[in-house]
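2 protein chains.
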Amino acid sequence: MEFSSKLLQDAVNEMSQLPGIGKRTALRLVLHLLRQPKEQTDYLSKALSNMRKGIKFCKSCHNISDVDVCEICSNKLRNDKLICVVEDIRDVMAIESTGTFRGLYHVLGGKISPMDGVGPQDLHIDSLVEKVKDGNIQELIFALSSTMEGDTTNFYIYRQIQDFNIKTSTISRGISVGDELEYADEVTLGRSIINRIPFEASLKS
Amino acid sequence: MEFSSKLLQDAVNEMSQLPGIGKRTALRLVLHLLRQPKEQTDYLSKALSNMRKGIKFCKSCHNISDVDVCEICSNKLRNDKLICVVEDIRDVMAIESTGTFRGLYHVLGGKISPMDGVGPQDLHIDSLVEKVKDGNIQELIFALSSTMEGDTTNFYIYRQIQDFNIKTSTISRGISVGDELEYADEVTLGRSIINRIPFEASLKS
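Going line by line, the protein sequences match chains F and S.
Using the working numbering, the first residue of the first sequence is number 1, and each one after it goes up by one.
Using the working numbering, the first residue of the second sequence is number 1, and each one after it goes up by one.
Hints are computed from structural coordinates only; laboratory data are not their basis.
There could be a bad hint or two in this list.
[Stated by the list, open to error] Take a look, some chain F residues computed to stay more than 10 Å from chain S by CB distance:
#	residue
1	Glu-2
2	Ala-11
3	Asn-13
4	Thr-41
5	Asp-80
6	Gly-103
7	Phe-142
8	Ser-145
9	Met-148
10	Thr-152
11	Arg-159
12	Ser-172
13	Val-187
[Said to hold, decoys possible] To give an idea of the interface, some chain S residues facing chain F are shown, with a C-beta separation under 8 Å as derived from the structure:
#	residue
14	Ser-5
15	Pro-19
16	Gln-40
17	Ser-45
18	Phe-142
19	Phe-155
[Stated by the list, open to error] Calculated lysine to aspartate or glutamate pairs in the EDC-like style (CA-CA distance at most 16 Å, straight line):
#	chain 1	residue 1	chain 2	residue 2
20	S	Lys-167	S	Asp-134
21	F	Lys-53	S	Asp-134
22	F	Lys-46	S	Glu-39
23	S	Lys-46	F	Asp-66
24	F	Lys-53	F	Asp-66
25	F	Lys-46	S	Glu-182
26	F	Lys-6	S	Glu-71
27	F	Lys-6	S	Asp-163
28	F	Lys-53	S	Glu-39
29	F	Lys-56	S	Asp-10
30	S	Lys-56	F	Asp-10
31	S	Lys-46	F	Glu-39
32	F	Lys-23	S	Asp-91
33	S	Lys-53	F	Asp-42
This one's a predicted model, so the numbers in the text were calculated from it and none came from an experiment.
Ideal Cβ positions, reconstructed from N, Cα and C, are used throughout, including at glycine.
If we strip away everything but chain F, and leave its shape as in the complex, we get:
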């Protein structure tokens, strides 16, 4: 792509560094900003740089937070003996929006993925193991995505904490509520039969 302006070219190049945004999309977005009032671009660029400079992470659960200890961790009404292990803030937001979990979270910041050069030392695993060692925790719930990397990460953490006397569990996999059986993939359907639950228990949830 040849640009008639260096300023335009720089903006498009930087924009197209974002995942899933190619040069054409970047140009469309940048031209949109040009048609809008100058303030919109100011707000966007300031919001991005303020965020990148000022963002903090909760000292306890490593979730994104504006204060040292996030609202969830500092909420006395939540059960601090129950920890849900998740990959990133999006998972926290997703689980929070269900309203079914009243424990705390531990945000790993990713999954072990040798292909992407992410090892255990790049994730917040040590601080999780420390928490378990401290002896206050009763149960860890693994809520990582059900992929090779997710399973590897689960298993790595499990090995580190198996000698401590705590319960571990993983979120259930199965057919989505409202889905037709005939359209489900075989692996999920197979697992949902192996991991069947007592009918009486299903009535409660």
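With the hints as your guide, set chain S onto chain F.
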């Protein structure tokens, strides 16, 4: 969506103002920036605000340009008697990349679209009519997209300049090179038959 951080929320909100970017995509993009070095966000936010502040438009053709008169308009080797009327810079880039046009452009900055509140006074139509009045131009090529708005804009401009003795033309519509006839839409195929060209002429292009 409930965010655990105001800074994150602001960044996501501003990002999701861009066309085609919803809150979820905005969050994905912003989290990507958080995982990258701080500099990337700096470059992006500076490139955007520099572009918005510093961008200029060519005084002659209204294309985006870093100088008063753009490279195309100031190129003595180009035919300044032939003007191609386009909607925006993307069309200029697309036509330039074909390498088949050696005239100049006139960028309208949009199309007449009452539905979007865009009238003739919002576009660079007056300066085009002035150029025609000055008498230096031999031919105007209308290269707007073939929609109701494009056709309206073409016709509006045509009405303004029809009394001056210049040639007007419009880019040809037809089946794309390499396309199968059976998959073409009826309107395009119909037009391509009505606007057929002498076989000898087709051998030259």
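> Which of the listed hints are not met by the structure?
Replying inline: Hints 1, 2, 3, 4, 18, 19, 21, 23, 25, 27 contradicted; others consistent.
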